[in-house]
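Novice: Sequence:
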Amino acid sequence: MNDYYADLGVSRDASIEEIKKAYRKKARTLHPDVNPGAEAEAEFKRVSQAYDVLSDQTKRASYDRGQDPYGGATGGFGQGFTFSDIMDAFFGGTAAGS
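End of the sequence shown = 98 in my numbering, gap-free, step of one.
Errors might be hidden in some of the hints.
[To be verified] List time: in silico DSSO-like cross-link candidates among lysine-lysine, alpha-carbon distance up to 27 angstroms:
(1) Lys-59 to Lys-45
(2) Lys-59 to Lys-26
(3) Lys-20 to Lys-59
(4) Lys-25 to Lys-59
What the hints contain is simulated information worked out from the structure, not anything from laboratory work.
Turn these sequences into a full structure, and let the hints steer you where they fit.
Specialist: Set out below in structure tokens:
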């Protein structure tokens with residue numbers, strides 16, 4: 001389960017400016033050009049994804065309602081299940097690609 005607020009270190013009622021400031025601070029230390037480690041790269045991607053969701057009002061509202069635009073379950077169908085998982089259970093997976 002993704003917790004974008006925790007990833008950026010901001011509260012759920014953080015303003016766009018607070019989100020932007022938190023992202024920039026983390027990105028400066030985690031960017032692959034500055035910190036070439038594999039762990040830093042993974043953390044940078046996670047922080048960037050969190051910023052993408054929380055900085056967009058539509059994505060943030062959807063996330064706050066339990067729908068993660070990147071597929072991590074935050075509610076909705078249940079922990080760990082995406083819409084695709086539910087559809088695959090009913091229709092037998094990706095038959096079009098077989």
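Novice: Taking each numbered hint in turn, which are not upheld by the structure, reported in ascending numerical order?
Specialist: Every hint satisfied by this model.
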